[in-house]
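Enquirer: Sequence:
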Amino acid sequence: MRFLGLACDYDGTIAHHGVVDEGTIATLERLRASGRKLLLVTGRELDDLLSVFPRIDLFDRVVAENGALLYQPATKEEKPLGEPPPKEFIDRLRSAGVAPVSVGHVIVATWQPHETTVLTLIRELGLELQVIFNKGAVMVLPTGVNKASGLSVALDELALSPHNMVAVGDAENDHAFLKICECSVAVANALPALKQRADIVTEQPHGAGVAELIEKLIANDLREFEPALSRHNVLLGHDENGGEIRVKPYGGNILVAGPSGTGKSTAAIGLLERLAECGYQFCLMDPEGDYEELAGAVVLGDSQRPASVNEILQLLRKPSQNALVKLYGLPLADRPAFFASLLPQIEELRRATGRPHWLMVDEAHHLLPRTSDPAYSRVLQALTGMLLVTVHPESVAPAALASVGVVIAIGEDPRRTFRGFGKALGVDVPAVEEHLSPGEALVWFRSSGAAPQRIKPEMASIERRRHRRKYAEGELPPDRSFYFRGPEGKLNLRAQNLIVFMQMADGVDDETWMHHLRRGDYSRWLREAVKDSWIADQIESIEQQPDESAAESRAAIRKVIDDRYTAAA
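Per our numbering, the sequence shown runs over residues 143 to 711.
Just to be clear, a hint being listed does not mean it is correct.
Stated by the list, open to error - Each computed SDA-like pair below joins lysine to any residue, with the alpha-carbon atoms no more than 20 Å apart:
{"id": "1", "residue 1": "K229", "residue 2": "P215"}
{"id": "2", "residue 1": "K337", "residue 2": "H317"}
{"id": "3", "residue 1": "K321", "residue 2": "L180"}
{"id": "4", "residue 1": "K277", "residue 2": "K229"}
{"id": "5", "residue 1": "K229", "residue 2": "I264"}
Honestly, the hints are just simulated from the structure, not real lab data.
Produce the entire structure from the sequences given, and follow the hints as far as they go.
Expert: The structure is reproduced here in structure tokens:
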């Protein structure tokens, strides 16, 4: 099950004119019976909400005051998520004739057209407050507090990820919490701006629209809307024309294969990093200790003591934690059995929490061998969100490869990868003749019907840091260095890296500097020798400024290089 919870706005969404009808309540009860969580996310103050909505018990958590108050209906516990408003601010509002003024635990609310007075007083008193609008309402809250921040706290308490949530709303203050959820929905009566940004718009308004959504959620986990849920697709790399190539973050398996030393682990880690940056939880199985530089993961196990299955599961129960499981503390022959014992537990955890979203398996031909027990194959066939990395796809268990939707071949001869994949599954694969250069890959989206395409995978941050150090302070060979020669070719000053380049730039005369600038030599060198198109484009735009002096262009180019390379180095 992909979607384990529904987060609803109140007014204009489940409620019409402040009232939730019996049909909507019955459908909310059905959703709870399906095992999913219900969260209410509203701009109303809690006492006001409780007075108009007696069935608050339907919800596992209530985020009130536009994200500033968390309420647990089962225990009636209230938790403010911000500082209370200053008394002086409230007194000054009332003295200025602002009415009505409503004060909650954290929120201060009034109505238009008082927003100008509100903003003026915030500025005069030097307060760190923000103003949020909602269909004529003017809500004042601490900076950074909104429906998204409040929902995030509620989800943490429930050990749920926003990537396993559907969110539905109708107005401008709903943008924030709809944006962080995997699927965003606007009811038919929603403001046009919200409809435009939502993944799905219901056919019916108000509670009937929410009931319509719930029926489809219970029936098929919103599978019919899968093509519309592309907002979170993750960057894989760029094609030969610079176009972005993205992959879905849910529902399929990815194979990265190629000979040793060709960069397959780097490409896989780059993809895993971007998934993690978007909030998708991962668990990485590291048999040889090759991923120690990976940031953003808790390391489990070492050469002396292997991690236990229980340790791994305990860590993964926290949505914000990623696991890097080192296996080299286990004897080589014992690792497949350990992984076989872990996988059913991972699948059980996924059924309960939807996580971890991704499981990366390095040396997949060893941890998931072709000779796996047939009973184990049934577990493998059910697993998705697998990122498999291997030298030998033909030696990986067919059950693990059957759900692979994206094949990424890396190395000079990608034909070997495709042949191995086809042999493992007994299926036909595209005939490819390409020979790849370092840093390139051939990617095949199996269900697309299209031929594999050549791409440049997006670099992992580990590799970007190495890349930047190399060009900032390393030693480029003579044929890739920059040479300040001047307009008459009398100079021969070699810059073998970017730090030396900028030192020389400060020392050469203005005529020499401007000669190379006007010829576009600086951007050409960065594009061809450093192979960084982004920085080359930035510097090319400086070269094309007709009125910039030598000093101005030096300073502008120095800033671009320093921000991207030399400061990091």
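Enquirer: Hint by hint, say whether it matches the structure.
Expert: Now for the hints, and whether the structure bears them out:
no.	hint	verdict
1	K229 <-> P215	violated, 29 Å
2	K337 <-> H317	holds, 10 Å
3	K321 <-> L180	holds, 18 Å
4	K277 <-> K229	violated, 26 Å
5	K229 <-> I264	holds, 13 Å
Taken one by one, the earlier hints fail for this structure at numbers 1 and 4, listed in ascending order.
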